[in-house]
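Chains A and B, in that order, are what the protein sequence lines are.
Those letters in the first sequence? Residues 1 to 194, by my numbering.
Those letters in the second sequence? Residues 1001 to 1380, by my numbering.
Treat each hint with caution, since some may be false.
As the list claims (entries may be wrong) - Keeping only pairs whose Cα atoms sit at most 25 Å apart, straight-line, the calculated PhoX-like set for lysine-lysine is:
(1) B:K1175 with B:K1151
(2) B:K1301 with B:K1099
(3) B:K1175 with B:K1301
(4) A:K127 with B:K1099
(5) A:K84 with A:K127
(6) A:K184 with B:K1064
(7) A:K127 with A:K184
(8) B:K1064 with A:K127
(9) B:K1064 with B:K1099
Bear in mind the hints are in silico, worked out from the structure with no lab data behind them.
Chain by chain, the residues run as shown.
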Amino acid sequence: MTTQGSSGANKPSDPGGESTPAPAKRREPEVPQAAVALPPEGVALAERLPEALAAHEIEVGAAIDEVVCRVTADHLVDVCRQLKDDPAFGFDYLRLLTVVDYVEQDGEFEVVYHLYSMTHRHKMMVKARLPERRPSISTVTGVWRGADWYEREMHDLFGVVFDGHPNLVPLVLPDDFDGFPGRKSYPLNDYEEW
Amino acid sequence: MTENPTPMVTQLPSPEPGTVDMMVNMGPQHPATHGVFRMELRVDGEQVQDLVPHIGYLHRGSEKLCEYELYSQIITLFDRLDYVSNFNNELVIVTAVEKLMDVSPPPRAELIRIIMCEFNRIASHLLFYGTFAIDMGAITPLLYNFRDREKIQALFESVSGARMMHNYFRVGGVKEDVADDFVSRALALCEELERGIDETDRLLTENEIFLERTSGIGVISGEDALDWGLSGPVLRASGVPYDVRVDEPYSRYEELDFGIPVGSAGDCWDRFYVRILEARESVSIIRQAIALMEPGDTMAKIRRIARPPAGEVYAHCENPRGDMGVYIVSDGGERPYRLKVRPPSFCNLQALRDLTVGHYIADAVVILGTLDIVLGEVDR
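Please work from the sequences and hints to get the whole structure.
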């Protein structure tokens, strides 16, 4: 599956155009963005975050109805621990941990943590970027034990190393599987049967 | 002279006191593991000292596959995740895409979805009661439960054309309206299901053997349950009143009046009984939803091939097994850039070791039964 934006390889070439100058680059159609509409508790959370996490150079944004907090990989565990332990946030529930492959665009992986607070009933995403060359980040199993299998799965599929994980062995893939099938660079069809 | 002959029978050195732990393998073909799940047990006599779960035998790479399919095609892949509650799975993906596109289906379609999902919840719980009883050696409840589940599937067939793998929900509505006799059939079925649930309740809940096998077994506190990321009936049995239908209402659940059964002890019996009560609530939800139904469209006016804007969305719904969610990263194309499922059974299964260590092997089967895993969704 190629994702070249405007490859005209399959289009019939214009007749009699041996040496026509290259056509002016067609402008890419504008991609509409999803509208952001934070609920009231999300707005309150987004206002409090920069102050509370001032020590960690964070960047607060939003995605549709969720607050998004970008942190550097080094600060991630500290931020997570503070978000869990600080009673003002109380994020005691790790909903989802996942990795998104942005290697084609930026040469980076993004680790995404979806958090929820049972006491305050608010939610947020925490994101950290990792370089393609050595994607490694500290484990959050010490903060939420439920991160255990998520991290093992992401290690299987994307090759992201979660430093300090107690047991980072293959979970969903066979022990001797070669490659990281979650990545965009891993072909969907053309690979040898295991 | 001959020396003393050596005795024919020598005295063996006396064995050291104590016992040696034994490794026992269960699965992936063991019937009590409810699918291709394998666990290694280290046992001292019959007592489980350690447990190592192994999953992945059914890993198909569904999430990667979704990145190569149109949004409408992904719905069929979601059917195959948790293959005993298909409608609930479909609701997760269509809710997520609708949230991303900011469209809402017509009110009638929303109610049809709720009715289907709640029927599916009952069907899934009926399967749980039966298989759970079989895990403990009681064969009878399964026969009754399958009889009732069959009726639900017959209704599903009349609506979607399939008993499982329905592919009935669409982004922006449902495939087609229900038949004219649907309401009368559904209401009649509600009564039969109520009787069926009561029957299971009478057969199992207060049964002395059942109580011996389940109460006080596999206890998990609410705090630990949250730490492990448990959800659904497993979490509520530990006393945490978390239900997505109430905490982050989706579809038209806000208009409906229903209770969230919550346990107190967090043991196997609580996890079973919470599901009995939940099924009764589902019957009540179906009746309310049917009462709200009015004639009208069942499909919003949107593009045939959904093309959501660029952005990220996380949407989740309360499945019979817990909080099932989906995280979609869209780059504005017809296919998602990245799609990740939050699988409730996967999270619930993580806690198995903590729940089981210290109990007997026979209890390990019971504890696994109460987690009610579906491997199609654990492995994806």
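Consistency of the hints with the structure:
1. B:K1175 with B:K1151: 22 Å, holds
2. B:K1301 with B:K1099: Roughly 15 Å separates the two Cα atoms, so the pair holds.
3. B:K1175 with B:K1301: Distance ~13 Å between B:K1175 and B:K1301 Cα, so the pair holds.
4. A:K127 with B:K1099: 21 Å, holds
5. A:K84 with A:K127: Distance ~16 Å between A:K84 and A:K127 Cα, so the pair holds.
6. A:K184 with B:K1064: Measuring from Cα to Cα gives roughly 9 Å; hence the hint holds.
7. A:K127 with A:K184: 19 Å, holds
8. B:K1064 with A:K127: With Cα atoms ~21 Å apart, B:K1064 and A:K127 stay inside 25 Å; holds.
9. B:K1064 with B:K1099: 21 Å, holds
Of the numbered hints given earlier, the model fails none.
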